[in-house]
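Participant: Quick mapping for you: the protein sequence lines, in order, are chains A and B.
Note that our numbering numbers the first sequence so that position 68 is 68, with each residue one more than the last.
Every number in our numbering is 1000 more than the matching position in the second sequence, counting from 1.
These are calculated hints, taken from the structure and not from any lab test.
For glycine and all other residues, C-beta sits at the position ideal for the given N, C-alpha and C.
It is possible that part of the hints are untrue.
[Said to hold, decoys possible] The calculated SDA-like cross-link candidates involving lysine to any residue, where the alpha carbons are at most 20 Å apart (straight line), are:
no., chain 1, residue 1, chain 2, residue 2
1, B, 1092, A, 294
2, B, 1369, A, 107
3, A, 166, B, 1050
4, B, 1092, A, 244
5, B, 1092, A, 148
6, B, 1016, B, 1050
7, B, 1092, B, 1064
8, B, 1159, A, 25
9, B, 1404, B, 1384
10, B, 1369, B, 1326
11, B, 1115, A, 246
12, B, 1393, B, 1351
13, A, 260, A, 148
14, B, 1159, A, 85
15, B, 1114, A, 79
16, B, 1369, B, 1410
17, A, 166, B, 1351
[Stated by the list, open to error] Simulated restraints, written as ranges between beta carbons of each label pair:
no., chain 1, residue 1, chain 2, residue 2, range
18, B, 1002, A, 106, 51 to 59 Å
19, A, 60, B, 1118, 28 to 36 Å
20, B, 1083, A, 348, 49 to 57 Å
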Amino acid sequence: MLTGDGLQARVRGGHRLAAWPRPLTIAVLGGVLFLSAFIALMVGTLGPIGPGEPEEISFSEAIDAIFTKAEYHWVFWNVRIPRVILAGLVGAALACSGTAMQAVFRNSMADPFVIGVSSGAAIGASVASLLGLSVAIGLFAPPMLAFVSAILAAFAVYMLGSVRGKVYVDSLLLSGVAVASFLGAMVSFMIYVASQQFHQLVFWLLGSLTLASWDIVEVLFFPIVAGAVVVFLYGRDLDALLLGEETAHNLGANPESLKKLMLFVAALMAAAAVAFVGVIGFVGLIIPHICRLIVGSNHRTLVPAATLSGAVFLIWADALARTVVAPTEMPVGIITAICGGPFFLYLLRRSSSGRGV
Amino acid sequence: MRMDIRNLSFSYGSSKVLGNVTFSVRDGEFVGIMGPNGSGKTTLLRCMTRYLPADGGSIMVDARPLADMSPREVARVFAVVPQSSATDFPFKVEDIVMMGRIPHISSRLAGRAKKDSEAVHRAMERTNTLQFSDRPFTALSGGERQRVIIARALAQEPKVLLLDEPTVYLDVSGQFEVMDLIKRLNKEQSMTIIAVLHDINMAARYCDSIALLNQGRLEAYGPPNEVLTADAIQSVYGMDVSVRRDPFTHAVYVMRRPSSTSGRRHGTRVHVLCGGGTGGPLMRLLLDGGYSVSTGVLNVLDSDFENASDLRIPVLAEAPFAQISEGMHAENLRLVDESSVVVVAPFPVGPGNFRNLEAVEHALRSGKKVFLLAPPQGETIDFIGGKADEYIKRLISSGAIPVKDAQEMLDMISRQER
């Protein structure tokens, strides 16, 4: 129901702010996440058991598979569960990183990739597949190279966008665009040269969770959770930063070191996620955006809300990726872009009356 | 609380923005920082909050150097209200005010404590913003938004409230809304206030002291009536002003002096008989038209006397409330003789200045052009029981030309010129 005040707020501000208490928000989203993960476990082809065959399993079969040595036990524990967890982790990392980036840039159009993380990772992945590193060194070599080159690209953008150690977000944004298009051209060139590894590379560029394993979950779990906790702990400072750097300073925060810390953490989270699963777009842009519309901009609520929602969103997107074209699967990046693009445009149109939120 | 600023300097690159600024602020004082654009006002505020690093001098707060404090401690000394606070991000008003507690919350893990919520509530009560609590900040009007920002500053529980032209983007009612709120906080909570202000009269009205900056130097510091002199304003703003007293507050009141340099001067001398403020616009119009103007006889303290002095017009004046003396009347007749036109404003005629009408008669007798301006519709100028009205009728019949307003008078004088 829209009360008088709410209506007025919607008319004047373009939207109404729901007064959701933080514990309730987090509890509800936590429940949704758990439920989504469970449902995602049950859908899709079962891969290794009957190669390529779609299998429907019931709720009780799924429970059995998880907790007893039933028929699908091995698949569940070695394929499904790590994959769902990985989807959740990657979604959480991208959404949390996007939230931090939007605060640093004071721009709700910013995403985890504005400082060149994705194009940097793409370079690393391209070089790795061009040289056949996964065969020569090991399965973890390409993601490691992608991670390192993502961080290098972000660092290059950071150096280009700062003057005498001070970060200027406008020039950061511009150097991000420049570096991304330069690296993008190099990736295109490598795709052109490397026709043999073409398929593998494109699959990575489109973003896919096919390679999920416990090893990857183990590598990603700690950095992503720690990153999200750091962003959460600096929530109040991020609130202040959204009102401008001088205001943040006047409220006792240190905007320069805050920006640097947040850029570092956000780049790290995004690079780690992207290195393993490829470029999954839109999650880091639309999830923080939607959460902000629902819970407001208070980061002590927004950061956990966006992180959990990102996890939920990517778990569903991946479940969809595994089912829509079964028995094969679609790169999840296509799903997120297909869902995200139009929905984002809808939001943009809707809020254009209330100025760019 | 006592704050001492000593020799504060700041340079941006090689250009000195602030040089050796020194002054002290008492507890509960309302200090206005004034000066033309680019004189270093905002820079001074930013050096106080350490947003900009001063490259010389010191700031002591209660005998403690500000330089030794942590950023959070500084944020507990100064709270800042900027010119405007716009954000496209959806914050509830209460969230904005709660930000004022950031320098008080010691642990990142801590949630909001009871004393934080109380401080926020108190701050919103004082600024009358409680009713907006759950509204989006973006949905408020400019004046409401500044009140919310002031609430945030109060929630900071600072020792000093710094304001940087807090009313510059507000309409008139918003300006008074905000200034009255600040004044109330200053009076009732004895909050120390340092505000950059643009409007000289507003500053004179609200401030206990004024710091007048010019090209990064402190030109003067002290009570408004000592600092805001016509000479100081001329040298700092390069503006020709007259300084008067606000009739209700006796605060210094600054008015731009009309520029009498409209180019052509054509020697034609016009003598104006006026009083009670009726002559101000007339004299200005005549000066703008290039005439030389004189006036008399007025009483010192009469607003036309002030007008004439501000316009630097020769003026004959009696002591306050005194009758026109024989000697002064003779002087007046001499000025009439020296001019070629006499203009009579619809001034109130009483026993004290009746002789000014006799001067008109003298002018007619010696063949001068005389113009009589009609009083505003429905108003009388006769305060001696019909004697003045009767006299004026006689003047008209002996050749004085009645005109309906100053413009018509000007037209007729210039026609006569040609």
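Participant: To test your reading of the hints: which numbers does this structure violate?
Facilitator: Violated hints: 2, 5, 7, 8, 9, 10, 11, 14, 15, 17, 18, 19 and 20; rest satisfied.
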